[in-house]
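J.: Just so you know, the sequences run in chain order A and B. Here our numbering is used: the first residue of the first sequence is 1, the next is one more, and so on. Here our numbering is used: the first residue of the second sequence is 1, the next is one more, and so on.
Worth double-checking, as some hints may not be accurate.
[As the list claims (entries may be wrong)] Here are the computed lysine to any residue pairs in the SDA-like style, where the Cα-Cα straight-line distance is at most 20 Å:
no.	chain 1	residue 1	chain 2	residue 2
1	A	60	B	209
2	B	184	B	209
3	A	271	A	239
4	A	60	B	18
5	A	60	B	292
6	B	71	A	66
7	B	90	A	24
8	B	114	B	292
9	B	292	B	306
10	A	181	B	13
In short, the hints are calculated from the structure, not lab data.
Now for the letters of each chain:
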Amino acid sequence: MDNTIPAVSKARSGRINFSGQGGEFFGIWIVNILLSIVTLGIYSAWAKVRTTQYFYGHTKVDGHAFRYLATPMQILKGRLLAILVFLVVSVLSNLFPLFAIFAAVALLFVMPWLLIMGLRFNLRMTSYRNIRFGFNGSYGEAMLYFMLLPFLSLFTLYLALPYAMKKLDQFVFSNITYGGKSFVVNTETGTYYQAVFMAILVTLGLAAIGFMLSYAISPLIEGDIKTNPLLMLPLFAAYFVVFTLAGAVYQAIIRNHLFNSTELPELANFKSDVPTGKLFVVSLTNLLAIVCSLGLAYPWTTIRMSRLLAEHTEVTVQPALDLMRDQLAAESSAFAEDAAGLYDADFSLT
Amino acid sequence: MQSIPGTYYLAASSQSCAAVLHYSTESLSILDPAGAVLWQGNDFTTGADLPGLPLEVRLVDGSYFLPDDPKARLNQFQKAGLATRLEQHKTIIVLSVLLVPVLLWWISMVGIPKMAVAIVPWVPPTAIAAVDQQTLLMLDKTMLNPSELTADTQQYWREQWLQALTSLPQQQQRVIDIQFRQAKHLGPNAFALPAGTVVFTDELVSLLKDKPDALLAVFLHEVGHVQHQHGMTLLVQSTATSLVFAMLFTDLEGITEVLLGTGSSLLQASFSRQMESQADDFATDHLKALGKSSSGFIDAMQAISSASGGKNAEELEQWMQYLSSHPSSVERIEKAKTKQ
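Pulled out of the complex, with its shape left as it was, chain A reads as follows:
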């Protein structure tokens, strides 16, 4: 076997290359939904694996693509178990409303576990250059950072929330491993306050525009909110738009900061320069495209977002990364990840 290593090599820098195509992914998406419906949901496990493999395979760092190693059967087992739990919980909650309260309290304690099991599964199933990722976070820490700190920040009138968000991101990212080596995160609390401040500013700005608009067109509309609840609809839509756009501003600032302050010591460094304005515009047009197409534009919008994020992410690979050995081989259950998805608490990493 040829194991000779180039004697001297330098660090290589490059943008992430994302080559997924909107049209191509549309076919995968819509046909997979059809197959899932026809097979009474069974195929959705295959759909999930194919979709993830499509996105991973089209994402290249330093010329090498990512791989998603989960098998459809792992996903299917998790899904069936999650559905069983959901059925039992909802039947019992309907029969005994008091049980619903118990279940809600129990969920608070189960949620951190579901979240870390989900992260662990997803990362273990992610491989780059035949080396797997992993996740080391413990239940206690997850309880502290996912539940306790955000809850405690309530008592500071949310003033401490940006700090709690910083600790949460730090918990998630510094517990990710690649080939057994941990990521190191040096984020600063100040940037989180800045991001929240900008998001609030955008919210206020958009609210002001909304008020001026409604003032301008109010003579054209009869009645007010009290007599015509239909006027609540544009308000609801406006709330959603504001939420998405303020979220885009926050995300741009935090993502850049997080990537720029994270490294895989001696292996890799990251740089992110997503322009806030661009992310704002893409989020807004994605939102409009999905609403106007009644959801059909969904594949196109996800491809577009992935391409934008990839274009603005640079990875510097150190020579030592060419000499890694993998220590992770054990597998974990797909149940946690899927149960979290079904209860709508899936945690997205990007």
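With the hints as your guide, set chain B onto chain A.
T.: Same frame as chain A, but now just chain B:
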């Protein structure tokens, strides 16, 4: 013999190198550019076949080979996998775009409701009774207070209504348990629980105390819900709907989820409206059977409607008809008039 250029990734290592895969029916070998053998054997599988991506060759020791050409196949006559062919087939894609909304509509409008109707008779009566008991207990602790009507008044109405039930031509299958509660927040209202508990608010009884036929009409409407097993059907239906949609669309987020959620609440509302008119029909038909006109029903509708906002509210109801769980009161009154 076939030669495919690509990259060979070593087992459990981040090392990789340019390589050429040679494949014949007997064996597969992977050589480095200098011609040295990197791997040779028969024990391998191929990865998923995806549009625009090269087919991965997974070797038994955990190493893998990735061709440079996304179209490269081990057997050059071999077609792409069935899933890939479907996903790239123009006709299938167009068909999916048309079929998916139609099927989703069918599942939620026909499939799930039919299934719910089929499941409900299998729910054990003790379980349904437990739902009544627990729900009433919960409501008593939150929205309802003990009735302020005298025991005599309560007894009087109970006898009147149960008497009417027994004199109906066909016997009813479920035992009705009539309860009175005071409820400031609900106002004049009545509701039925799945097993046959019918609750009247004091506010409704005092609003209609001079119109016994109107109260009887409301009572019959609620009995209609019980006899048609609407409560249990709606319960099964909404559980099944959220299950099915969770299973089919696990990876949706944000606005797409909102769109889907809005669609399914509109559907639920439309089922609920159907059930309300079914219960209305039950009430007006049975009023007739008791030798009374449906004017009692109309009186009840008008009294409740004006107590909750009057003329203005009526206009509004027409706007809200697609969001509301009940048909508009104007519509319900008009329908009852045709039955007079």
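J.: Now look at each hint and say whether the structure bears it out.
T.: So, going through the hints one by one against the coordinates:
This hinted pair does not check out: residue 60 of chain A and residue 209 of chain B have alpha carbons roughly 76 Å apart, beyond 20 Å. At most 20 Å may separate the alpha-carbon atoms for a hinted pair to count; residue 184 of chain B and residue 209 of chain B meet this at roughly 18 Å. Straight-line distance between C-alpha atoms of residue 271 of chain A and residue 239 of chain A comes to about 32 Å, which puts the hinted pair past the 20 Å bound. Among the hinted pairs, residue 60 of chain A with residue 18 of chain B is consistent with the structure: their alpha-carbon atoms are about 17 Å apart, no more than 20 Å.
Note on residue 60 of chain A and residue 292 of chain B: the hinted pairing is violated, with a Cα-Cα distance of about 78 Å set against a maximum of 20 Å. As the CA atoms of residue 71 of chain B and residue 66 of chain A are separated by approximately 19 Å, the hinted pair is consistent with the 20 Å bound. At roughly 11 Å between alpha-carbon atoms, residue 90 of chain B and residue 24 of chain A fall within 20 Å of each other, so this suggested pair holds. Between residue 114 of chain B and residue 292 of chain B the CA atoms are separated by roughly 34 Å; this puts the pair beyond 20 Å, and the hint is violated.
Simply put, residue 292 of chain B and residue 306 of chain B have alpha-carbon atoms about 23 Å apart, too far for the 20 Å limit, and the pair is violated. About 14 Å separates the Cα atoms of residue 181 of chain A and residue 13 of chain B, which keeps this hinted pair within 20 Å; it holds.
Violated hints for the displayed structure, listed by number in ascending order: 1, 3, 5, 8 and 9.
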